[in-house]
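As a plain string of letters, each chain reads:
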Amino acid sequence: MTNSENTAPRAPRTKTRIRPFEFIAEKLLASIAFVSIFFIILILIFVFRESLPLVLGTATDDIGKVTLKRIFDLAWQPVSNTPQYGFLPLVVGSIKVTLVALGVAFPVAILAALFTSTFAPKWAKELMKPAIEILAGFPSVVIGFFALTVMASLFQTVFHLHYRLNAFTGGIALSLAVIPIVFTVAEDSINVLPKTMREASYALGATKWETSLFVLLPAATPGIFAAFLLGLGRAFGETMIVLMATGNAALLSPDIFEPVRTMSATIGAEMAEVVFGDAHYNMLFFIGVCLFVFSFSLNAIAELVIRQRLMKRFRGTA
Amino acid sequence: MTLGKKAFGVGIVALTGLCAFGVIGVVVYVMTTIIIGGHHMMSWTFLTAAPAEGMTAGGIFPAIAGTFFLVVIMSAVGVPVGTITAIYLAEYVRQDSWIAKSIRFAVNTLAGIPSIVFGLFGLGFFIQFVGRNMDKLMTPQGELVWGQPCILWASLTMALLTLPVVIVSVEEAVKAVPRDLREASLALGATKWQTILRIVLPNSITGILTGGILAVSRGAGEVAPILFTGAAYFLPHLPTKLSDQFMELGYHVYIMSTQSTNVEQTAGIQYATTLVLLLLTFLLNFTAIYLRFWMRKRSLQ
Chain S
22 MTNSENTAPR APRTKTRIRP FEFIAEKLLA SIAFVSIFFI ILILIFVFRE
72 SLPLVLGTAT DDIGKVTLKR IFDLAWQPVS NTPQYGFLPL VVGSIKVTLV
122 ALGVAFPVAI LAALFTSTFA PKWAKELMKP AIEILAGFPS VVIGFFALTV
172 MASLFQTVFH LHYRLNAFTG GIALSLAVIP IVFTVAEDSI NVLPKTMREA
222 SYALGATKWE TSLFVLLPAA TPGIFAAFLL GLGRAFGETM IVLMATGNAA
272 LLSPDIFEPV RTMSATIGAE MAEVVFGDAH YNMLFFIGVC LFVFSFSLNA
322 IAELVIRQRL MKRFRGTA
Chain V
329 MTLGKKAFGV GIVALTGLCA FGVIGVVVYV MTTIIIGGHH MMSWTFLTAA
379 PAEGMTAGGI FPAIAGTFFL VVIMSAVGVP VGTITAIYLA EYVRQDSWIA
429 KSIRFAVNTL AGIPSIVFGL FGLGFFIQFV GRNMDKLMTP QGELVWGQPC
479 ILWASLTMAL LTLPVVIVSV EEAVKAVPRD LREASLALGA TKWQTILRIV
529 LPNSITGILT GGILAVSRGA GEVAPILFTG AAYFLPHLPT KLSDQFMELG
579 YHVYIMSTQS TNVEQTAGIQ YATTLVLLLL TFLLNFTAIY LRFWMRKRSL
629 Q
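Just so you know, the protein sequences line up as chains S and V, in that order.
Counted the way our numbering counts, the first sequence spans residues 22 to 339.
Counted the way our numbering counts, the second sequence spans residues 329 to 629.
Looking at chain V on its own, in the form it has when it is part of the complex (with noise of 0.2 Å):
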């Protein structure tokens, strides 16, 4: 081998080095960043006073508990469907068949459709078709209740964006229960749906748990779709009902760079609620890497 060959091949690898460690830089100076800007602004009271003084003091607990509210009406919606989705792909259908085929193109679909595109969705579906006609069945005054941005149509809206999530996750648990314990249950005398429900389902609990996670860290980073279904600037009250605006996180770090009169003088706040947001995706992204491990070393056991 030439001396000029083997310098490009040192060369070639120390590129692809370069570029891998170049990654790593950059994700360690990111956090790095973020968490000097906004961990001398993180305090008890941030976390759980409202803001203040036109959103130039106080801190964020709206915004925390309209993400939770979000995320909670989110998943008691998309993990059920998600979780039937996977099962019926996993338990009842072929695979080879069109319809395992359609409905796996279909959530691939729905994987990669841009997020502001749900968020027309879920303006032009949810608020002026749902809504309103709801609106016109049960107000007959005219009144806006439903027909306009609220926390449901966002939830729902956030669902169906985090659906693939699920379904992924749950499949791959559902696929990873032995073909043993099920052909057991069957020469037990039990039915093919005793079986998924006393057998399948049980041990594929983490998988579901995984999902809903994943799915809610996701739903808790997204804000293209709620920009207008649902989040609002700034609410002296939390919401009560379904039909309420809230206020969340990842909006509110949003409108505070961008759209704030103080920008300059907000800086630590910003700071914060992105180190927030930044620190319970990680909570959650952890949480659903340690329990997929734990579940793929149980499978090989």
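The following block holds chain S by itself, in its conformation from the complex (with noise of 0.2 Å):
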């Protein structure tokens, strides 16, 4: 009897064997895997709360309660006998600068990410990828600096500007930074079009640069849009180069060529300096607030467009 126990057939062991230690690492890195997804979530909540008081209408300084209505003043001066907390110059000012910026970058880097993937020899493509990763590899406050000493006294004689310091000089510093963005992902978005797209068009007759304008760059368009999103998600929060080359006056003029105040930088212009815990401090939290759900919408909407078109890829239908 004890013999047929031991040869009968044993059971396979690698499925049903539970290994504490197996189950115990993979819960532990799982746990660590999370650590992205809380943070974010701790950086909605943590940056919210140090705005609340605004929000709840519990904030206060010197002259009484901060109501909503001061919020949307036309005029931002928090450090003055009558504290104005009005952003609406911030945002103005930042859409502004995003505007030049994306202006130049758009276009400049679509065509360049063009050139080097149709029509580019050799030679200058392999010119042009180290160039790109340069620029990307720029610090921010490089760029700033740059722009700071020699990009606006050079724009200031060009152009003939009133003011060294502007939206338009800080706009087209901060097109260096959304560039690089810009240029790899509609670069990708192009290379990654089926190879066949390019030849059926050829066999039609096409030239090459009908193939590229009319064929390929509207088939990349979800990439392009994509891009153009990161784009503007990057220009938008740039912090270092519109401190230091926009000037930083807190005017409320559609003029580009008129100094501004970004949302971003008038955070890390005036954090430093502000009282813990005021109206003021909070405000700037508000902003901080502003600028996170901007950034998380063009990330979800760039998310979403891009999953749709590996879709469709999938499908075969793009």
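Hints are computed from structural coordinates only; laboratory data are not their basis.
Keep in mind that a hint or two might mislead.
Going by beta-carbon spacing under 8 Å, a handful of chain S positions derived as facing chain V [as the list claims (entries may be wrong)]:
# : residue
1 : 58
2 : 125
3 : 288
4 : 322
5 : 325
Covered by chain V, according to a simulated footprint, are these stretches of chain S (three or more residues, beta-carbon under 8 Å) [claimed, not checked]:
# : region
6 : 260-267
7 : 307-313
The beta carbon of each residue, even a glycine, is placed where N, CA and C say it ideally should be.
Using the hints, put the two chains back together into the complex; each one sits in its own frame.
Next up, the structure:
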């Protein structure tokens, strides 16, 4: 009897046996992998928490309660006898600088990406790649420094500008930080297009530039849109370049050749001197919440666009 | 094809080429300007001496050392966390599961958050919440030790900012480890954990290194997150403990070019500091690019 028990075939071990160590290791890794998610939530909570008194209407300063009306004031003068926390000038400032930056960076980067992915001879491609890598590797403070010391004076003499530091100069400087992002994503989205697409176009008698302009570029639209969103996010949130090169005056005007103060630069410039817990402090965090929500939405949209593009590619409809 | 159309085509090609070479030209121009402006100040003493005479003379050693400490603490936290996240993503979860998707979404979001918001978070969470509460527990007299800007909080903020860089790089490396190797290991009776530890991890060490280097390069260049989490204008001595403030290269450039009273007089120092920062990031980036290139070549073989 005992004999037959010994020779009976054993069940395969690997599937059924529970290994406590393996189990713990997996759960441990999982818990660390969730750190990113955990911190996204923490960022939202803690940046929001410091701006809460403002939202609840309990924030006070020297002249009384900070109501919503005062937040949507037309002037940003947080340090004065009658503090004004209107952040509209800052929003307008951010938009102005971002428009200039994207207005330059987007066409330049897309056209350059078109050049390297279709027209460029090999040597030009080999030259473009490290140039973009170097540009992407420039710390933003280096670009800011360059804009402050070299570009600002150059633009002032060339364009006869009244102000040395202004939204235009800051925007152009900012475009240097945006170009690598837009270029990389756009070039990538052109390069992943199936080769047959090009060949079919050539076979129909289209020239190289017709193919790239009327076939490849439209086909890469989702990727280029994602590139636009990522560039927009970078431009809107970038701090050091605008802090150094835009002049930092909170003016509410449509003129791009006047100094501006952007949302990000305001936080960067004022947080160090603010009294912890007062209305001004809350307001700076509130601006931070706006920046967070904006970048979060951009990322969500970009993600959606890219995923849909992938779906289409797998189904073969694009 | 008509002549006009042909001319239009040539125009298009020329325009795209102009943009591409324009970008290259600008990169070269920025670099030469900074090199020309800063090279004459570069010397061994500049790199090893402290600022002197109200920061109008002397060197930038404290800033270099501060940057070094910052990136070391940052990497010590960020690289392990990033590596584990990448391994978990690549080895444990199905790519289309909601866990993988949400972690990936979080990582992408983290990569897109403006750096100044990380600074706010460092201030609101690490300093005001964690630090203040630590002080309440540890120093009954109400002294501020951790509840104020210091190198630990700045490094942790920076680690969070550079986490996506590490994750993306390591995941690429882990995925490049051939399936055969894993299967051979499993077939020999190794468990999943043993396979990861002995096969996957050693084979993706270059990727981890690349990720670490890229993170350091990014961390050394970012200034916005440390503006109010620990960087100091000037300190007479180097940080000796985690609750000290520190000087930093990028912050030094910012301060010297915007807040200093002698902007004209210190132009040489500004250019030279920028040059040091630029050289440092280049060195790191090109090491990372080379490692990645080497890794891809090897994984093809």
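Whether chain V covers the region 260-267 of chain S (at least 3 residues having a Cβ closer than 8 Å to its Cβ atoms): It holds, with 4 qualifying residues against the three required.
Checking C-beta pairs, does the region 307-313 of chain S have three or more residues closer than 8 Å to chain V? Satisfied; 3 residues make the cut.
Interface hint check: residue 322 of chain S, Cβ to nearest Cβ on chain V, cutoff 8 Å. Holds or violated? 11 Å, violated
Given hint residue 125 of chain S near chain V, where the shortest CB pair must fall under 8 Å: 10 Å, violated
Tell me if residue 325 of chain S is really an interface residue toward chain V, meaning its C-beta lies closer than 8 Å to one of theirs. 10 Å, violated
Given residue 58 of chain S as an interface hint, is its Cβ closer than 8 Å to any Cβ of chain V? Given a least distance of 4 Å, the restraint on residue 58 of chain S holds.
Per-residue hint verdict: residue 288 of chain S, partner chain V, C-beta under 8 Å: 5 Å, holds
The structure fails hints 2, 4, 5 (numbered hints given earlier, in ascending order).
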